Amino acid sequence: MTLVLNEEQLMLRDAAAGFLGDRATVAHLRALRDRDDEVGYEPAVWREMAGMGWTGIAIGEQYGGLGYGYTGLGVVLEQAGRHLSPSPLQAAVLVGATVITELASGAQKEQWLPAIAAGERIVTLALQERRHHAPLQTAMKATRVGDHYVLDGSKCLVLDAHVADAFIVVARLDGHHADHHGLSAFLVEAGSEGLQIERRSVVDSRNAGALILRDVQVPEACCLGAPGEAWPGLERALDMINIGLAAELLGLATEAFERTVAYLQERKQFGRVIGSFQGLQHRAAVLFAELELARSVVLDGLRAIDAGEELPLRASAAKAKLCQVAELATNEGIQLHGGIGMTDEYDIGFFIKRARVLQHLYGDSHYHLDRFAALSGF
Amino acid sequence: MTAIDTFRQETREWLETNCPASMREPVRSFEDYYMGGRNPEIAHPDQKSWCDRMAERGWTVPHWPKAYGGGGLAGEELRVLREEMARINARKPLDSFGISMLGPALLQFGTEEQKREHLPPICRGEIRWCQGYSEPGAGSDLASLQTRAEDQGDHYLINGQKVWTSYADKADWIFCLVRTDNSGPKHEGISFLLFDMDQPGVTTRPIRLISGASPFCETFFDDARAEKRNLVGEVGKGWTIAKYLLTHEREMISGFGAATGRPLGEQALEFIGADSDGRLASSSLRQAIAQYQLDAHCFARTMARAGDEVKAGQGLGAASSMFKYYGTELNKRRNELNLAVGGEPALGWDGDVYHGGQTARAWLRSKGNSIEGGTSEVQLNIVAKRVLGLPDA
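If you're matching them up, the sequences are chains B and G in order.
Taking the numbering used here, the leading residue of the first sequence gets 12, the next gets one more, and so forth.
Taking the numbering used here, the leading residue of the second sequence gets 2, the next gets one more, and so forth.
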C-alpha cells in the first residue's frame, strides 16, 4: 500500500466533494445554527449519505458495510472537514462503529454494526468526564449486581448525544484510579431509566451533550468484551478515531488555507493586492509546507490502520501534527482576512470554531505530543 | 530460473568476488566518499580499484545509457543491483557532481558529441567537476551574474569571478554560468559553458568557513578559454539549464532533513537523565525534542509520499522548493538540539577528547544548508509564486 490514493478512493473523494459541497456546506451549518434546529443536522441528507453506503464505509462486508477501510472513511471525513458538513458521520461511523468493532463480541457486532451501517441507528461514545481527555482516570462507577451492572456517574462532550439511540459508556468496574485494568465499556440505550441526556451548546454549533447516569441498570450482555478488560481495545479504537479526526482536520485546515490564499489574491490595499507583499507570501508558503506534511502523516495513519500495523506512535503523530497545523491555518486565516475575518457574516470564523473542538476531542496536541515522546522512550 | 533471478545470481557472485572487504565497511567520515578525478584523494587504496571494477561494468552510474559509460539498467535490474549492494553493505564506488548534477543536465540538454565526450570520463571517475554559479554580486539574485564570455570565433574568453564553488581547488573541469549578452533582460544572455580548470587563466582560493572546513572556493577567471563545442544548449539560453540543475540540487540538499543516527530523545535520556516517571528530566528540552521528532516523522512520511507520487506518474515540480525549505530548517533544528543535548563535550573544537569537535563543526556547517542552493527565503518566494499563484510585488 502506498501513500497515493487509488482509483476507487479518488472516485469516492470526488463523490464526497460533490455531494457535501452541495448538500452539507457551511451555509447549511449556519442555517441550522440560526434557527436553533432541534436535530442539529438535516435528516434527509443523512439518509442520502446512508443510501450511498457512507454509514458503513469502514464496516466489514459481513456486517453489511462497504469494507472500504479507514482510508475510504478518511477520504470522506476530509471532505466533511472542508465543508464543515453537519451530520452524525463522526459520532456514529468513525467513533461508535470503531469502538464496537474493536471491543465487542461477535454477537454484539451482529446486533449493532448492520444497524449502524444501514444508517438506522446512531451509537455514540460517552468517555470524557472532566475538563480534559484522560481515559484512564475514568470515574464513572460500574458495579456488578446479580445478572446486571449498575452505572453511576456523568459524562461530557458526547457527540450527537441528544439524537443518539445508544451510548457506549466507559466505566471503572474495578482496579485503581489510572489503572489499565478494570475499565469496561457498556452499551446503554437512550431510553434507559436513570439516564439523563442534556444537549449542550458548544462553540462549533455542532451537536454535543452531557449524560448523567443514576443507578442505570445494564444487562450483562451489554458489556462490550471481557469485563474490566476494555482498555487494549479502547486504546486501539481511540488511535483509529484520532487518525480519522486528523483526516477531518486536514480537510478543514486545507479549506481555511485555500480560502485565505484566494482572499490574498483579491483584497487590495496600498493600490495592489495584498498577496503581492512578501511578508504575507512567506506566511502562506510556510503554511503550504505544513499542510503537505499534515497530508502525509494522515495518509500514513489511515494506511497503517488498513494494513493492520502498529498504531500508537502514528496516531499520536497524526493527531498532534494536525492539531498544530489546523490551529496555525485557522489563526492565520482570521489574521490574514483582517477585520472581515472577525465578522460572523464571513465564513472563516466557522472553521476556527470547529477546529478547536476537533483538536480537543480525544486529546489535543499537548496530550498527543506528550504521548508521542513517551512512546518514543523519553 | 527467470531472467531477473539469473541477473541477481550473477550480480551477487560478481560483487562477492570484486567488492573488497574494506569497501563493505560503513562510511565514517567525508574522506570515505570517493570523488575520483585526475589527482584523486585516496583515503584507502581499495577505493580506486573498487571504482575501476564497477566502472568497467558501467555500475558507477548504473542507470545511465551504456553508450555513455553507464550500466543501462532500469526497473527490476536496477533495483536488484541496489539490493545486492545493500546486502553486503557495499559502498557507492563513486560520488561526484558529475554524476549528481552535470550528467543529468547533459543527458537532457547536451548534444550527442558532448555526451560522448564528457559522460564516460565521469562514469570512470577520471574527471572531477565543480559548479560555477554564485558570484560576489549574484547570490539569491543569481540571474544578475556578470562573469563575461566573449566570442572569439572558435572559443570564448572568460573573465570574472565565481564564489562558493564547491571543491574548485580539487576539480578538473567546471560547468559554469556566464554572461554572453548584456543587452536584454537579465535571465536572457546567460550561457552554460564547460571548460578545463587546468589552465593559466583559472585560479582558486579556498574559503575558510565558521566550521573550520574549506569545502568552497573563490574562483577567478582571467582570460580563461572555453572551446565553443563545449557550450551546452543554445547561446543565451543557459538559465533553463541552470534552473533544471537547481531543482536537482535542492532535492539533494533536502535529503539532509531525513533524520539519521541515534534518536535524540534516547541520547538525551542517557546524558541528562529521567524523572521518577521515566521522562526526560528537563521538560522544556523534552518538548523541543518531541516537536523536532514529530516534524521529522512527518517530513519522512512526506518524502515517502513524494516517492510514491513520482512512481504513480505525478510530478514534484515547484514543490521541490518546499522540501528544500523544510528539510534544511529541520536539519538546523536537529543540530541546535545536538548542542543542547550534548552539553560541554559538544562545544569542543579540537583534540581526541572532543572527537575533533565534530558536533560543533556539524552544527556550524548546518547553518549553510538554508543558504546554499537557494536560501529558505528564496524557496518561500518560489512556493508563493509558482505553487500558490501569488503575484509579484
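Heads up, some of the hints might be wrong.
Which stretches of chain G does chain B cover? Using the computed rule of at least three CB atoms under 8 Å from a CB of chain B, they are [to be verified]:
hint, segment
1, 74-84
2, 240-249
3, 266-274
Some, not all, of what chain G presents toward chain B, calculated at C-beta under 7 Å [unchecked claim]:
hint, residue
4, 281
5, 282
6, 291
7, 293
8, 306
9, 309
10, 313
11, 330
12, 381
Derived EDC-like pairs (lysine to aspartate or glutamate); straight-line CA-CA distance at most 20 Å [claimed, not checked]:
hint, chain 1, residue 1, chain 2, residue 2
13, G, 386, B, 343
14, G, 312, B, 18
15, G, 116, G, 278
16, B, 279, G, 393
17, G, 386, B, 269
In short, the hints are calculated from the structure, not lab data.
All values reported here derive from a predicted model rather than from experimental measurement.
Cβ coordinates follow ideal geometry from the N, Cα and C atoms, glycine included.
Exercise for review: Test coverage of the segment 240-249 of chain G by chain B using CB-CB distances below 8 Å; three residues minimum.
Suggested key: Violated - the segment 240-249 of chain G has 0 residues with a Cβ nearer than 8 Å to chain B, which falls short of three.
**Study point:** Cut-off 7 Å, beta-carbon criterion: hint that residue 281 of chain G touches chain B
**Key:** 5 Å, holds
Review point. Does residue 293 of chain G pass the interface check with chain B, least Cβ-Cβ distance below 7 Å?
Key: Cβ of residue 293 of chain G sits 11 Å from chain B, so the hint is violated.
Check your understanding: Once the shortest beta carbon distance from residue 309 of chain G to chain B is found, is it less than 7 Å?
Key -> 4 Å, holds
Exercise for review: Report holds or violated for chain B covering the segment 266-274 of chain G, Cβ cut-off 8 Å, minimum 3 residues.
Suggested key: Since 4 is at least three, the answer is holds.
Practice item. So, residue 282 of chain G near chain B? Judge it on the closest CB pair being under 7 Å. Key: Violated - the Cβ of residue 282 of chain G stays beyond 7 Å from chain B, reaching only about 10 Å at its closest.
Check your understanding: Regarding the pair residue 386 of chain G and residue 269 of chain B, is the alpha-carbon distance no greater than 20 Å?
Key -> 14 Å, holds
Exercise for review: Let me know if the C-beta of residue 306 of chain G comes in closer than 7 Å to any C-beta of chain B, holds or violated.
Suggested key: At about 4 Å, which falls below the 7 Å cut-off, the nearest Cβ of chain B leaves the hint on residue 306 of chain G intact, so it holds.
Check your understanding: Given the hinted pair residue 386 of chain G and residue 343 of chain B, is their alpha-carbon gap at most 20 Å?
Key -> 19 Å, holds
Exercise for review: Mind checking the CB of residue 330 of chain G against every CB in chain B and telling me if the closest is under 7 Å?
Suggested key: 9 Å, violated
Practice item. For the hint on residue 381 of chain G, just tell me whether its beta-carbon gets within less than 7 Å of chain B. Key: 4 Å, holds
Review point. Taking 20 Å as the top limit, are the C-alpha atoms of residue 116 of chain G and residue 278 of chain G close enough?
Key: Roughly 63 Å separates the two Cα atoms, so the pair is violated.
The structure fails to meet hints 1, 2, 5, 7, 11, 15 from the earlier list, while all remaining hints are met.
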